[in-house]
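Colleague: With these hints in hand, go ahead and build the complete structure from the sequences.
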Amino acid sequence: MTADRWAEVEQLLHDALQLTPEERAAFVANIGNADVRAEVSSLLAAEGESNESIVDAVIGEAAQAVLDDPFPGQMLGHFQVINPIGRGAMGEVYLAEDMKLGRQVALKLLPRDFQQDNERLRRFEQEARAAAALNHPNIMAIYEVGQSHGQRFIAAEHVEGETLAERLRQGALPVEEVTPLGVQIADALAAAHEKGIVHRDLKPANVKIKADGTVKVLDFGLAKLTRGVTRRASPEDSPLVAQQATHAGVITGTAAYMAPEQARGKPVDKRADIWAFGVVLYEMLTGKCPFQRETMTDTTP
Amino acid sequence: MPTPWNSLARSISSYEAMTRLAEIKPRYTQIVELRYLAGLTIDEVSEVLKVSHATIEREWNFARAWLRRELQGESHQSTKDRGGRT
Chain A
1 MTADRWAEVE QLLHDALQLT PEERAAFVAN IGNADVRAEV SSLLAAEGES NESIVDAVIG
61 EAAQAVLDDP FPGQMLGHFQ VINPIGRGAM GEVYLAEDMK LGRQVALKLL PRDFQQDNER
121 LRRFEQEARA AAALNHPNIM AIYEVGQSHG QRFIAAEHVE GETLAERLRQ GALPVEEVTP
181 LGVQIADALA AAHEKGIVHR DLKPANVKIK ADGTVKVLDF GLAKLTRGVT RRASPEDSPL
241 VAQQATHAGV ITGTAAYMAP EQARGKPVDK RADIWAFGVV LYEMLTGKCP FQRETMTDTT
301 P
Chain B
1 MPTPWNSLAR SISSYEAMTR LAEIKPRYTQ IVELRYLAGL TIDEVSEVLK VSHATIEREW
61 NFARAWLRRE LQGESHQSTK DRGGRT
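Here the protein sequences line up with chains A and B, keeping their order.
Letter by letter, the first sequence follows residues 1 to 301 of my numbering.
Letter by letter, the second sequence follows residues 1 to 86 of my numbering.
Check each hint, because a few of them may be wrong.
Claimed, not checked - Listed below are the simulated EDC-like cross-link pairs for lysine to aspartate or glutamate, each with C-alpha atoms no more than 20 Å apart in a straight line:
hint: 1; chain 1: A; residue 1: K288; chain 2: A; residue 2: E125
hint: 2; chain 1: B; residue 1: K25; chain 2: A; residue 2: E8
hint: 3; chain 1: A; residue 1: K100; chain 2: B; residue 2: E16
hint: 4; chain 1: A; residue 1: K270; chain 2: A; residue 2: E127
hint: 5; chain 1: A; residue 1: K210; chain 2: A; residue 2: D269
hint: 6; chain 1: B; residue 1: K50; chain 2: A; residue 2: E157
hint: 7; chain 1: A; residue 1: K100; chain 2: A; residue 2: D35
hint: 8; chain 1: A; residue 1: K100; chain 2: B; residue 2: E23
hint: 9; chain 1: B; residue 1: K50; chain 2: A; residue 2: D98
hint: 10; chain 1: A; residue 1: K100; chain 2: A; residue 2: E144
hint: 11; chain 1: B; residue 1: K25; chain 2: A; residue 2: D4
hint: 12; chain 1: A; residue 1: K288; chain 2: A; residue 2: E127
hint: 13; chain 1: A; residue 1: K100; chain 2: B; residue 2: E44
hint: 14; chain 1: A; residue 1: K195; chain 2: A; residue 2: D269
hint: 15; chain 1: A; residue 1: K100; chain 2: B; residue 2: E47
hint: 16; chain 1: A; residue 1: K210; chain 2: A; residue 2: E177
hint: 17; chain 1: B; residue 1: K25; chain 2: A; residue 2: D35
What the hints assert, rightly or not - Computed from the model, here is a short list of chain B residues facing chain A with C-beta under 8 Å:
hint: 18; residue: R20
hint: 19; residue: R27
hint: 20; residue: A38
hint: 21; residue: R58
To be verified - Reference excerpt, derived from the structure (chain B facing chain A, CB under 7 Å, subset only):
hint: 22; residue: S46
hint: 23; residue: V48
hint: 24; residue: V51
hint: 25; residue: F62
hint: 26; residue: R68
If you're looking for bench data, these hints aren't it; they were derived computationally from the structure.
Ideal placement from N, C-alpha and C gives every residue a C-beta, glycine not left out.
Modeller: Below is the structure:
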């Protein structure tokens with residue numbers, strides 16, 4: 001069938017649905033084109049005979065099926081996925097367009113296994129809400145915590161630019177460059193600490209530098225959310241050191257910036273961020289990390 | 001009892017149905033997703049997609065009836081062959 005024929009089917013189906021079931025038969029019989037008549041007739045039959053809730057569940061599943069691995073063009077809530085842009089502190093991150101507001105956002109999807117645990121989900125919502133309350137030019141803004149058929153996500157400001165980690169690949173930065181960057185990171189930390197929010201994972205990969213030199217600190221407070229996904233954290237606030245050590249690729253990068261109490265799995269407050277900030281400053285000025293050992297325990301003095 | 005296999009098979013046929021529906025007109029699947037996944041009303045879908053309420057309602061009726069027919073199993077198999085754009 002051509003697009004025109006389908007448009008005809010769509011219109012006729014709509015008109016037929018306004019009629020009583022008794023009137024529909026005569027209406028359908030009057031359709032001139034045989035293909036169009038057959039389509040309208042079988043679509044009407046599908047409307048009439050089906051068990052509403054079961055079929056709707058299957059349609060919901062149809063929409064769900066495409067969700068497990070979002071692809072370009074896919075809708076997640078009112079966000080349309082454009083393309084994957086990498087892995088963040090929480091999981092997969094996609095560039096997407098907010099169809100309501102017409103702006104681009106970074107969509108951070110929560111890992112599936114994470115979503116099974118109600119206690120974690122409750123804390124996730126709580127933390128995300130706290131982080132969303134941070135309104136500072138040097139902190140990546142969180143716009144929305146959403147859910148689309150079981151898939152939770154955070155819609156955050158999409159920041160274009162290179163990360164401090166990328167910038168540091170070429171080595172140390174001149175002092176004139178370090179100063180404005182450091183001041184902006186410190187501003188971001190101060191604003192968050194004032195609201196009682198600790199970053200917990202400050203490192204060059206979480207600092208973005210826009211083309212105009214503006215710094216944005218990414219993923220405030222989100223780091224702890226995915227820690228200990230497979231096992232409940234205890235005590236509440238301490239990252240599970242042993243477990244993290246098993247995820248060597250993810251963790252060793254971070255270990256270098258971790259304050260001793262954090263590396264030991266003790267409760268963490270804003271001082272851990274200030275420690276990490278010191279390490280980042282040192283690295284910007286020297287091009288080297290003050291702690292160059294391989295694992296978390298090596299970092300622990 | 002649903003098994004992982006028939007639930008997978010159902011997901012695959014659901015996925016295929018959505019793909020074929022999008023071939024007729026991409027907006028059909030957008031509307032289905034916005035209605036079912038985001039839980040938007042017809043009015044909200046109309047706002048998001050910037051298309052009139054009447055059009056969304058008409059397209060939604062079609063998309064729902066079409067998916068119902070395609071997902072109802074083998075009894076309407078003959079119409080499936082004519083499903084795509086020709």
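Colleague: Hint by hint, say whether it matches the structure.
Modeller: Consistency of the hints with the structure:
no. : hint             : in the structure
1   : A:K288 to A:E125 : violated, 37 Å
2   : B:K25 to A:E8    : holds, 13 Å
3   : A:K100 to B:E16  : violated, 28 Å
4   : A:K270 to A:E127 : holds, 15 Å
5   : A:K210 to A:D269 : violated, 28 Å
6   : B:K50 to A:E157  : violated, 24 Å
7   : A:K100 to A:D35  : violated, 38 Å
8   : A:K100 to B:E23  : violated, 25 Å
9   : B:K50 to A:D98   : holds, 13 Å
10  : A:K100 to A:E144 : holds, 13 Å
11  : B:K25 to A:D4    : holds, 11 Å
12  : A:K288 to A:E127 : violated, 33 Å
13  : A:K100 to B:E44  : holds, 9 Å
14  : A:K195 to A:D269 : holds, 12 Å
15  : A:K100 to B:E47  : holds, 8 Å
16  : A:K210 to A:E177 : holds, 13 Å
17  : B:K25 to A:D35   : holds, 18 Å
18  : R20              : violated, 11 Å
19  : R27              : violated, 11 Å
20  : A38              : holds, 4 Å
21  : R58              : holds, 4 Å
22  : S46              : violated, 12 Å
23  : V48              : holds, 5 Å
24  : V51              : violated, 12 Å
25  : F62              : holds, 4 Å
26  : R68              : holds, 4 Å
Hints 1, 3, 5, 6, 7, 8, 12, 18, 19, 22 and 24, counting from the list given before, are not met by this structure.
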